[in-house]
Amino acid sequence: MDVNLKDGDLVFAPNNPEWGQGKILSLSGSSKAVVFFLNETKRKTMLAKSLQISNDPPDPIFANLDVNIDEATTPYFSFEMALKRFLEIFPQGFNDPSYLEKERNWKVQAHEMIVEKLDEATFRKLLDEQNYSEIIARVLAVESKLYLLLAVYEKMALRDTLKDSESQVTFATALYDYLYGEGTLEKRFEGFAGVLSRMPQKGHRFHTWPIQTLFLFIRFPNEYPFMKPEIVKEAARRLRQEINYRSEPNWSTYRNLLDLSEIIKGKLSRSNHPPRDMIDVQSFIFAVEKY
Numbered sequence: 194m195d196v197n198l199k200d201g202d203l204v205f206a207p208n209n210p211e212w213g214q215g216k217i218l219s220l221s222g223s224s225k226a227v228v229f230f231l232n233e234t235k236r237k238t239m240l241a242k243s244l245q246i247s248n249d250p251p252d253p254i255f256a257n258l259d260v261n262i263d264e265a266t267t268p269y270f271s272f273e274m275a276l277k278r279f280l281e282i283f284p285q286g287f288n289d290p291s292y293l294e295k296e297r298n299w300k301v302q303a304h305e306m307i308v309e310k311l312d313e314a315t316f317r318k319l320l321d322e323q324n325y326s327e328i329i330a331r332v333l334a335v336e337s338k339l340y341l342l343l344a345v346y347e348k349m350a351l352r353d354t355l356k357d358s359e360s361q362v363t364f365a366t367a368l369y370d371y372l373y374g375e376g377t378l379e380k381r382f383e384g385f386a387g388v389l390s391r392m393p394q395k396g397h398r399f400h401t402w403p404i405q406t407l408f409l410f411i412r413f414p415n416e417y418p419f420m421k422p423e424i425v426k427e428a429a430r431r432l433r434q435e436i437n438y439r440s441e442p443n444w445s446t447y448r449n450l451l452d453l454s455e456i457i458k459g460k461l462s463r464s465n466h467p468p469r470d471m472i473d474v475q476s477f478i479f480a481v482e483k484y
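Read the sequence shown against the working numbering and you will find it ends at 484, with the numbers running on by one and no gaps.
Careful: at least some of the hints might be erroneous.
Claimed, not checked - Ranges between beta-carbon positions, derived for each pair:
1) 352 <-> 314: 24 to 30 angstroms
2) 315 <-> 394: 26 to 32 angstroms
3) 199 <-> 288: 21 to 27 angstroms
4) 396 <-> 375: 32 to 38 angstroms
What the hints assert, rightly or not - Straight-line alpha carbon distances no greater than 25 angstroms define the calculated PhoX-like cross-link-like pairs of lysine-lysine that follow:
5) 199 <-> 225
6) 348 <-> 338
7) 348 <-> 395
8) 235 <-> 225
9) 395 <-> 235
10) 295 <-> 426
11) 426 <-> 356
12) 458 <-> 483
13) 295 <-> 395
14) 277 <-> 460
15) 460 <-> 426
16) 483 <-> 356
17) 199 <-> 338
18) 237 <-> 225
19) 277 <-> 295
20) 348 <-> 225
21) 338 <-> 483
22) 225 <-> 295
23) 356 <-> 395
24) 395 <-> 277
25) 338 <-> 277
26) 277 <-> 242
27) 237 <-> 460
28) 348 <-> 295
It should be emphasised that the hints constitute simulated quantities derived from the structure, not laboratory data.
C-beta atoms are modelled at their ideal positions from N, C-alpha and C, and glycine is treated no differently.
Given only the sequences and the hints, what does the whole structure look like? Please build it.
Shown next, in the form of structure tokens:
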């Protein structure tokens, strides 16, 4: 044992190398340690003298580790377990014909449509012409390709709200700024969130996480993830990741989703099943949680 062990240290157990890298959650005096290991489903309480400091680079999972989740109600699901589950569903991974049909191809088609119909130059031209109804028609055409990403009530809310000409102007202008405007992503994200939160509600809740993130995700699938709250929350809990979730779309939660998505993308990239983009990452999360 390293006599200088302290809370937060990264360690390994020489007698159980299969547990992988661990993080000390707490020390009881100098005798016992509670440790979270990457490849173990439950925390280990063990003699501190049986541990050694890990000199390997820290696994990115440890950066936002949530240690307050009840193991009895939400079992830990390591990345390796998630990948095994994904391959049970789609044996050929991201190239499996069933995966392409059920999860990927229709999202790629929607991406190709938004690039064709609402690329930056075309979108700007339509705004300059004040052809807001045409912009909204194209927005809804893209969304109609994504039949499983929005709930029925969200689809209704989007269409009901955008029937109003004033709302069409507001939404079209805000969406352009969100996708193509100047400034940081944080600034654009918060700007779009502010606009959506102030738009009139037509019977169904309009400002939801899926509506907030859908068009950014499908326009730039190499960069940005999509937020389906219940699925993402459960995935984060199983991976023991803290995303500081709040029901109202906000930058802090989305920033944590970006980090989580990059962690999963990185781990997949180092496996034999590298993802092409965030479409694959989002589909991986969804499949492991819902199939």
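Against the structure, the hints:
1. 352 <-> 314: 24 to 30 angstroms: holds (27 angstroms)
2. 315 <-> 394: 26 to 32 angstroms: Between residue 315 and residue 394, where Cβ atoms are some 30 angstroms apart, the hint holds.
3. 199 <-> 288: 21 to 27 angstroms: violated (46 angstroms)
4. 396 <-> 375: 32 to 38 angstroms: At roughly 35 angstroms between Cβ atoms, residue 375 and residue 396 fall inside 32 to 38 angstroms, so the hint holds.
5. 199 <-> 225: Holds - the C-alpha atoms of residue 225 and residue 199 are around 11 angstroms apart, at most 25 angstroms.
6. 348 <-> 338: holds (12 angstroms)
7. 348 <-> 395: holds (12 angstroms)
8. 235 <-> 225: With Cα atoms ~16 angstroms apart, residue 235 and residue 225 stay inside 25 angstroms; holds.
9. 395 <-> 235: violated (46 angstroms)
10. 295 <-> 426: holds (22 angstroms)
11. 426 <-> 356: Answer violated: residue 426 to residue 356 is near 32 angstroms, above 25 angstroms.
12. 458 <-> 483: holds (19 angstroms)
13. 295 <-> 395: Violated. Residue 295 to residue 395 sits at ~32 angstroms, over the 25 angstroms cutoff.
14. 277 <-> 460: Since the Cα atoms of residue 277 and residue 460 sit roughly 13 angstroms apart, the hinted pair holds (cutoff 25 angstroms).
15. 460 <-> 426: holds (19 angstroms)
16. 483 <-> 356: Since the Cα atoms of residue 483 and residue 356 sit roughly 34 angstroms apart, the hinted pair is violated (cutoff 25 angstroms).
17. 199 <-> 338: Violated: residue 199 and residue 338 sit about 52 angstroms apart, past 25 angstroms.
18. 237 <-> 225: With Cα atoms ~10 angstroms apart, residue 237 and residue 225 stay inside 25 angstroms; holds.
19. 277 <-> 295: Holds. Residue 277 to residue 295 sits at ~19 angstroms (cutoff 25 angstroms).
20. 348 <-> 225: violated (54 angstroms)
21. 338 <-> 483: holds (21 angstroms)
22. 225 <-> 295: violated (48 angstroms)
23. 356 <-> 395: holds (10 angstroms)
24. 395 <-> 277: violated (43 angstroms)
25. 338 <-> 277: Violated, because 30 angstroms separates the two Cα atoms, which is more than 25 angstroms.
26. 277 <-> 242: violated (33 angstroms)
27. 237 <-> 460: holds (24 angstroms)
28. 348 <-> 295: holds (20 angstroms)
Checked against the numbered hints above, the structure breaks hints 3, 9, 11, 13, 16, 17, 20, 22, 24, 25, 26 and satisfies the rest.
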